[in-house]
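Position chains G and R relative to chain A; hints supplied.
Chains as they are written, first to last, in numbering that gives the first Met the number 0: chain A, 0 to 123; chain G, 0 to 240; chain R, 0 to 262.
You may find that some hints are simply not true.
Here are the simulated lysine-lysine pairs, DSSO-like style, with alpha carbons at most 27 Å apart [unchecked claim]: (1) 132(G) with 252(R); (2) 6(R) with 252(R); (3) 257(R) with 91(R); (4) 125(G) with 6(R); (5) 125(G) with 14(R); (6) 91(R) with 252(R); (7) 257(R) with 178(R); (8) 129(G) with 14(R); (9) 110(G) with 3(R); (10) 110(G) with 2(R); (11) 2(R) with 257(R); (12) 86(A) with 116(A); (13) 6(R) with 121(G); (14) 178(R) with 252(R); (15) 2(R) with 125(G); (16) 21(A) with 86(A); (17) 3(R) with 14(R); (18) 2(R) with 14(R); (19) 91(R) with 2(R); (20) 129(G) with 178(R); (21) 86(A) with 105(A); (22) 3(R) with 125(G); (23) 132(G) with 257(R); (24) 110(G) with 125(G); (25) 178(R) with 110(G); (26) 14(R) with 121(G); (27) 257(R) with 121(G); (28) 121(G) with 110(G); (29) 14(R) with 132(G); (30) 2(R) with 121(G); (31) 110(G) with 6(R); (32) 3(R) with 178(R); (33) 132(G) with 110(G); (34) 116(A) with 105(A); (35) 110(G) with 129(G); (36) 14(R) with 91(R).
Not close to chain G: a few residues of chain A, all C-beta gaps over 12 Å, as computed [to be verified]: (37) 5; (38) 6; (39) 14; (40) 42.
Because the hints were derived from the structure by calculation, they are not lab data.
Since the structure is predicted, the reported quantities are computational estimates derived from the model, not experimental observations.
Backbone N, C-alpha and C define an ideal beta-carbon position, used for all residues, glycine too.
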Amino acid sequence: MGWELRTDRQIWQQLAELLMLKIVSGEYPAGGRIPSVRDLASEAGVNPNTMQRALASLEESELVTATRNTGRFVTQDDAQICRTRAKLAQTELGLFFERMMRLGYKKEDVASMLTSKEKGEEFA
Amino acid sequence: MNELVTCTALSKRYGSLTALDHIDLHIAPGRIIGLLGPNGSGKTTLIKILTGLLRPTEGSATVNGLPIGHESKALVSYLPERMYYANWMRTSDMLQLFADFYADFHIDRAKAMCNALGIGLKTRVKSMSKGTKEKLQLILVMSRQAKLYLLDEPIAGVDPAARDFILQTILTNYSKDSSVILSTHLITDIEPVLDEVIFLGNGRVLRHESVDAIREAEGRSVDAVFREIFRTIPVGGDWPC
Amino acid sequence: MLKKLLKYDMRANMKVFLLIWPALIIFSLLGRFSLTADLQGRLDTIFSTATIIVFVLAVFAAFLFSIVLAITRFYSGLLRNEGYLMFTLPVKPWQLIISKYLTSLITIVVTALLSVVSIFILCSGIPGFTADLHFFTAFMNREFHAGSYIMLALLMLAGVSTSIFQIYLACSIGQLFNKGRILFSALFYYLINVVLSVASTTFAIIFGTSRTLQEAVISIFEGMHIQTATFVALSISLLLSAALCCVYFFVTKYILSKRLNLE
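So here's chain A without its partners, still in its complex pose (with noise of 0.2 Å):
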């Protein structure tokens, strides 16, 4: 997964959002090494005090934790894991919603068609 960021967003909350989808999409499994910060840094090409500004937010939502010498770690609790893959497809989901709505359908047009999207047919 790429690290695609804007520059009229704080970068540091576009970059703890690329990294809560590493973790939520298995990248980054529960309870594995996260690379250090210097690492990850140059990865996606920013500086080490974003990199890491971007990982204390994820410590305080408690998605990763952090210990003195051996670095950090993906959380091992499954539920804080799944808590986070919950927020992230609500924001998703109203996203999509919102832009459905810009289009003119109603909420039941839209979910009518995403079962039949599922089952392969086209809707008219």
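Below, chains G and R without anything else, positioned relative to chain A:
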């Protein structure tokens, strides 16, 4: 936290031309700082004063608490915007020279970087392409474990691959004890790498803030802010509007 | 640090002189061979004339190179792009100047010594050379004592040093200008010469018209042995040369420390 660079009422005049006008600057260690401004805003003059190539007309500057002199030079790694090779030298001569004069130079790291970029140790500097010379100079500068890196226009006129190499080198070399100041007038490419920016205009510090603070306050990129501050109004014709 | 600087400055010069110096000796050996060789008639003359001309050109080229290098190693090595490297090394400006100076001095002195040696090699092929040499040394010993020889050597060194530092000073003043630096350097070199000759002429006029001065000088040398008098005269010139050297050096050091103006 102790300061790495301190400038107090620093001024530099060339005859009647004022290049720097009473600059006050405080830079902490562990920062990557963009020194931004249009051509002629005093970026190079400020860097040259910190390296000791120029003497200020007024005011003072210190690096790690030391006045600018041979002791401060041992702590500063400087990338000028020109080639400084002697024409008789080979890559290995330059590496040895840096190893001889700078106690903080890691010759093995420099050799590894030369290998990675396909720069032969026995190649004469004179026979290298401009791009290769620039890369070698960057390798020399970044293979030091200096306190302060002063990079004057490192990304102007280089191809995207070289630019990525430069930024990657800066990031992998990052240390809590040292700071990097890079001057540029092309901010878009380097924005994600920066902690702070210093906007210089007409020899004055117009703004010196963290990039997060700028984005938070303005809700847009530092590049956009930069363009607004230094917007030059095109000189129109004579027609009525 | 000065040692390290010298290492690089010497290496830069040796790139050229490790070719020139052996060439000098080889050409002198060739010349000697051509003088002693017993070739037939005209061929012999052509061969020996040609080798001697080549030898003379080689000596001339060696000196020219040592002087040109003294200028360019200072000008290009400190005041142009290379200056960005040299003046950001953790060394003091005086070390940079002295390193360039010692390198040039050593190069010039070795070139001079090798030229003398190679001339001896060449001349040893001429019949009767040893006898001439004895006559010459006998003449010199009459005027000079051992101290004077050392003094003469020192005076030569001082003369070379003064010339080198005069070039350095002229270049340092030249770099203060933003345009036409080389032209200004040459101009200031010439101006320094003018100042010096005006000073010495003025002194000569004062000396020529002042009885008291003349008597004072005469009283110094009165009753001295010719050898001692030579020694004293040489000492005075040496002092003057050394003083001039110091002035050039300190002004150069001041300019390069406080008024450096790289392109």
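Of the numbered hints stated previously, which ones are contradicted by the structure, given in increasing order?
1, 23, 25, 27, 32, 37, 38, 39, 40
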